[in-house]
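Whole structure, please, built from the sequences with the hints as guidance.
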Amino acid sequence: MKIWQCIVCGYLYDEAMGDPEHGIAPGTAWADVPDDFECPECGVTKSDFSMVEV
Amino acid sequence: MSPIVIVGSGLAGYGLAREIRKRDAATPLTLIGADAGQVYAKPNLSNALALGRLPEQLASETAAQAARRLDATILSHTRVRAIDRAGKRLLTDAGEIAYGRLVLALGADPIGHGLVGAGAERIHAVNDLDDYARFRAALTERNPTGKKRVAILGGGLIGCEFANDLVVAGHRVEVIHLGPWPLERLAPEAVGRALAAGLAAVGVTWRFGRAARTVEPAGAGVALVLDDGSRVEADLVLSAIGLRARTDLARAAGLATNRGIAVDRQLRTSDPDIHAMGDCAEVDGMVLPYIQPLLAQAKTLAAVLAGEDARLAYPAMPVVVKTAASPLVVAPPPPGASGAWQAETTAKGLIARYLDADRRLLGFALGGAETGQRLQYAQQLPALLA
Numbered sequence: 000m001k002i003w004q005c006i007v008c009g010y011l012y013d014e015a016m017g018d019p020e021h022g023i024a025p026g027t028a029w030a031d032v033p034d035d036f037e038c039p040e041c042g043v044t045k046s047d048f049s050m051v052e053v
Numbered sequence: 000m001s002p003i004v005i006v007g008s009g010l011a012g013y014g015l016a017r018e019i020r021k022r023d024a025a026t027p028l029t030l031i032g033a034d035a036g037q038v039y040a041k042p043n044l045s046n047a048l049a050l051g052r053l054p055e056q057l058a059s060e061t062a063a064q065a066a067r068r069l070d071a072t073i074l075s076h077t078r079v080r081a082i083d084r085a086g087k088r089l090l091t092d093a094g095e096i097a098y099g100r101l102v103l104a105l106g107a108d109p110i111g112h113g114l115v116g117a118g119a120e121r122i123h124a125v126n127d128l129d130d131y132a133r134f135r136a137a138l139t140e141r142n143p144t145g146k147k148r149v150a151i152l153g154g155g156l157i158g159c160e161f162a163n164d165l166v167v168a169g170h171r172v173e174v175i176h177l178g179p180w181p182l183e184r185l186a187p188e189a190v191g192r193a194l195a196a197g198l199a200a201v202g203v204t205w206r207f208g209r210a211a212r213t214v215e216p217a218g219a220g221v222a223l224v225l226d227d228g229s230r231v232e233a234d235l236v237l238s239a240i241g242l243r244a245r246t247d248l249a250r251a252a253g254l255a256t257n258r259g260i261a262v263d264r265q266l267r268t269s270d271p272d273i274h275a276m277g278d279c280a281e282v283d284g285m286v287l288p289y290i291q292p293l294l295a296q297a298k299t300l301a302a303v304l305a306g307e308d309a310r311l312a313y314p315a316m317p318v319v320v321k322t323a324a325s326p327l328v329v330a331p332p333p334p335g336a337s338g339a340w341q342a343e344t345t346a347k348g349l350i351a352r353y354l355d356a357d358r359r360l361l362g363f364a365l366g367g368a369e370t371g372q373r374l375q376y377a378q379q380l381p382a383l384l385a
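Line order of the protein sequences matches chains D and Y. Under numbering that gives the first Met the number 0, the first sequence is numbered contiguously, ending at residue 53. Under numbering that gives the first Met the number 0, the second sequence is numbered contiguously, ending at residue 385.
Just so you know, not all the hints are guaranteed correct.
[Said to hold, decoys possible] With a cut-off of at most 20 Å between alpha-carbon atoms, the simulated PhoX-like pairs for lysine-lysine come out as follows: (1) D:Lys45 with D:Lys1; (2) D:Lys45 with Y:Lys298; (3) Y:Lys347 with D:Lys45; (4) Y:Lys321 with Y:Lys347.
[Claimed, not checked] Okay, the calculated bits of chain D under chain Y, using three or more residues with CB under 8 Å as the criterion: (5) 2 to 12; (6) 41 to 48.
Derived from the structure by calculation, the hints contain no laboratory data. Glycine is no exception: its CB is placed at the ideal position from the N, C-alpha and C atoms.
The structure is reproduced here in structure tokens:
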């Protein structure tokens, strides 16, 4: 499972953890997160996340 | 269908190319960049050590991969020498390139440290991925797992983030900063001093109100001699004393420039066929070398280039200082605002508010766990550009 990082604020989206508080189930691949998902920390949109390989 | 040529293959150039292709699959697109043209996000450089990432892991694509994804021509390691506005072509290392619409996304240059002497080659400015790879190589030179003494010139955003990243990776970090506290142009004293204390608590040493005057060899490394005669010894030095928009190309071509390349709300320069965006551009007197303004500009400019009637607007855009040991989000008041800062220390961190005479919130800073409230505070601020 991969980890994605918001380029604005560093928020990490871990595919294994998902983001249940914002409606994303654990195990959800980044590609399957809706396009209107916004970074919970700073509000930028999904397309503005860049990827971290951890 | 008039071809678009973008000069610059950083976050601005690639960000714009992506936004253009979301609405226009047909217009020929060329990007010209001075470096290798890898796709990466500069904000990721200053926390790569904490995330255990090597420089080569920071690039998500090569220029060739990006060229296929974007259906664009990408010229790397190519400098633009001049803009021939009358002939609508660029004079470059790779020959002449014609443009229909031109976008300057040149970024900014690190302000030179000006230090001369043997040992000056140990001073690194890190302004792109290639620079960062050289810096990381110097960090592991002769001793891949050993810890180094790193001196940082400049306690601004970049200096503070790198200080945090280096100290957490086990290196000895000393920051030499001209201002009285870090980020003094963005943050009031209480906020700056809290940031300094938070980083000091994880081992960063600060020298405030000081500047380096000379550099000389010292043992296996160098010594910086400061303006008060004191010495800071280090194995290598990171120079992070500020950025200056790259305006030379535009100025030489007769475009209006100020601190940045002057553009209007459609990111258009004084030439109707030439636009500018990112760290090199000045919109309404503002040069904002951060990510959120860049992303807003990319979306607006792509719409403008597609013939839409779009105008740049900026909401409040707080700056996130990615110092994990002392998190900070700061939204300074707009230029010309008159009001005052009040700061309170809370159980979770720090809350500072900039209020005008009518007690309206015009700026804020949140430190520690209080940064969790950044969106609520940002929503109370007036737009930076309505």
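Okay, the hints, checked on the actual structure:
Of the pairs offered as hints, the one joining D:Lys45 and D:Lys1 holds, with about 15 Å between alpha carbons and a cut-off of 20 Å not exceeded. The straight-line distance between the Cα atoms of D:Lys45 and Y:Lys298 is roughly 14 Å, inside the 20 Å bound, and the hint therefore holds. With a C-alpha separation of about 29 Å, the suggested pairing of Y:Lys347 with D:Lys45 is violated against the 20 Å cut-off. Between Y:Lys321 and Y:Lys347 the CA atoms are separated by roughly 17 Å; this keeps the pair inside 20 Å, and the hint holds.
Coverage of the stretch 2 to 12 of chain D by chain Y holds in this model, with 5 residues showing a Cβ closer than 8 Å to a Cβ of that chain against a need of three. Counting residues of the stretch 41 to 48 of chain D whose C-beta lies closer than 8 Å to any C-beta of chain Y gives 5; at least three are required, and the coverage claim holds.
Against the hints set out earlier in the document, a violation occurs for number 3 only.
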